[in-house]
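Peer 1: As a plain string of letters, each chain reads:
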Amino acid sequence: MTGGALHSAILRRASVLVPASQRADWLAEWRGELWHVQRGAHGVNVTMFCLGAFRDAFWLWRDGSYPDGDWLFAESPARCLAWLAALGAVCFAVSLLLPAARTVLLGSLYPRDLVMLTPEGADGAEMTNGFIAPHPSVSREQFESMKAYGGGEFSGLTFYVPAPHGTKGFAVGRLRHDSMGKSPFHFVRLADRSLGLLGVVPATFLFACILLRIMTTGFRAGHLGRIGPRRGLFLGAKALLVLTIVMFGSLDLGSLGGGVSPLFLDIAFFGSLLGARWMVADQRRRCPVCLRLLVNPVRIGETSRILLEWHGTELMCLRGHGMLYVPEWPAIWSGRQRWMGLGSSWGGLFL
Amino acid sequence: MAAEVKLSHTAAMVLKAIDAGRVYGFGVMEVTGLPSGTVYPAMRRLERDGLIRSRWEKQSIADKEQRPVRKYYALTASGRATVEAAEKRYPLLARLIPAPVGEEA
Chain Z
14 MTGGALHSAI LRRASVLVPA SQRADWLAEW RGELWHVQRG AHGVNVTMFC LGAFRDAFWL
74 WRDGSYPDGD WLFAESPARC LAWLAALGAV CFAVSLLLPA ARTVLLGSLY PRDLVMLTPE
134 GADGAEMTNG FIAPHPSVSR EQFESMKAYG GGEFSGLTFY VPAPHGTKGF AVGRLRHDSM
194 GKSPFHFVRL ADRSLGLLGV VPATFLFACI LLRIMTTGFR AGHLGRIGPR RGLFLGAKAL
254 LVLTIVMFGS LDLGSLGGGV SPLFLDIAFF GSLLGARWMV ADQRRRCPVC LRLLVNPVRI
314 GETSRILLEW HGTELMCLRG HGMLYVPEWP AIWSGRQRWM GLGSSWGGLF L
Chain P
291 MAAEVKLSHT AAMVLKAIDA GRVYGFGVME VTGLPSGTVY PAMRRLERDG LIRSRWEKQS
351 IADKEQRPVR KYYALTASGR ATVEAAEKRY PLLARLIPAP VGEEA
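Just so you know, the sequences run in chain order Z and P. Residue numbering for the first sequence follows our numbering, starting at 14 and increasing by one per position. Residue numbering for the second sequence follows our numbering, starting at 291 and increasing by one per position.
Extracted from the complex, chain Z is given alone in its bound form (with noise of 0.2 angstroms):
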């Protein structure tokens, strides 16, 4: 592919993200801007040149998109809390649908002292991952047997065969009293509340958190240090609303398969990371004032003048109230973000 070729490529693929209405209009600018590139002895990285047009093209489809560019992007500290509600929401409501894992919200159905036997040795009714797991492991044999050794502690001992001829069955009975003494079968509750397997979500998402702080400064850098009520609260009630999305949306998750599958904890963990993660870095990108979403980034300098001129990005407030530095490229002198607020006396530039 030729230079021009290649030139003429790029161009077309960053016009997809503009909005048709624009989109004529706007390659022809490109292509006639790029017409004079490539004929003036400007020492311009023509490549470098055309790359620019999906910054472009981007900007031109998110304002074209969301006018007030507001109620996709969650800029109100309200309307982000509102979407994480209804997120944390909507995962809720899955969790309900869903049987397995809303046995684990609601509990079971069955008493509390109704329980099943199994042989010693038999797989049958192991608990997995905190839930029952029932297969047919009693024949009718043992069931006799553990009517005999057993009938002073059960009551209403019964057998179930699931299929017509089977050979095995499930042996359910209630529990006399609160424990059972030595005896060659087991028993579990059918009624166990997995509620506890939830409670590992919280533990989860509070060592992700540190594990974000130990690895990185993503809870240091910048502003975010100087945590005012406001944002404190702010950042707590985000901090819940994640937990509350991680913890149904993980089970959710784990329990498309039918039952609680063994990677809910996997999911739990990595959803709990993402979720700080993302949590830390909408934190920065806020106003400490009005914490209102930074917008405008406009990128600054370039990295080859690194030593002479600042390099970066830069993000303001829409109602005026500051300005961020995000470098690129951490310098002795701009390790981190930095925040300049703007006074009063700014106003003018904000008319």
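Treat the hints as calculated values from the structure; they're not laboratory data. Glycine included, C-beta positions come from ideal geometry on N, C-alpha and C. Hints may contain errors.
Here are the computed distance ranges between Cβ atoms for each label pair [said to hold, decoys possible]:
id, chain 1, residue 1, chain 2, residue 2, range
1, P, Ala384, Z, Arg349, 25 to 33 angstroms
2, Z, Leu253, P, Arg379, 35 to 43 angstroms
3, P, Ala371, Z, Ala294, 31 to 39 angstroms
4, Z, Trp323, P, Ala384, 19 to 27 angstroms
Given chain Z, work out where chain P should sit, using these hints.
Peer 2: Coordinates of chain P only, in the frame set by chain Z:
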């Protein structure tokens, strides 16, 4: 014009460059040293905020020179007022962006 105009230093540079006679995007890039991915979105935003306006040059001019048509930009009255405010706020702006030819004196 928008009730509230948000003008960063970069946007002020772009606005000043247009005021200085750099009426094309590439010309603004040349004088400010900013990359295309910064200049063009900044100009879109300035145009959206009513500080500059764009216009296509006549097709006949482009045809005569056997090249594609270009879009050029000019300051609006609001844009001119904003440049003046920005120059007060950023004293180095006038030095960074040379004045239009014939206006140095």
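Peer 1: State for each hint whether it applies.
Peer 2: Verification of the supplied hints:
Between Ala384(P) and Arg349(Z) the beta carbon distance is about 32 angstroms. The supplied range of 25 to 33 angstroms therefore holds. For Leu253(Z) and Arg379(P), the hinted distance range of 35 to 43 angstroms is satisfied, since their beta carbons lie about 42 angstroms from each other. One distance hint, 31 to 39 angstroms for the beta-carbon pair Ala371(P) and Ala294(Z), holds here, with the actual separation near 38 angstroms. Between Trp323(Z) and Ala384(P) the beta carbon distance is about 20 angstroms. The supplied range of 19 to 27 angstroms therefore holds.
Going down the numbered hints, you'll see the structure goes against none, and every one checks out.
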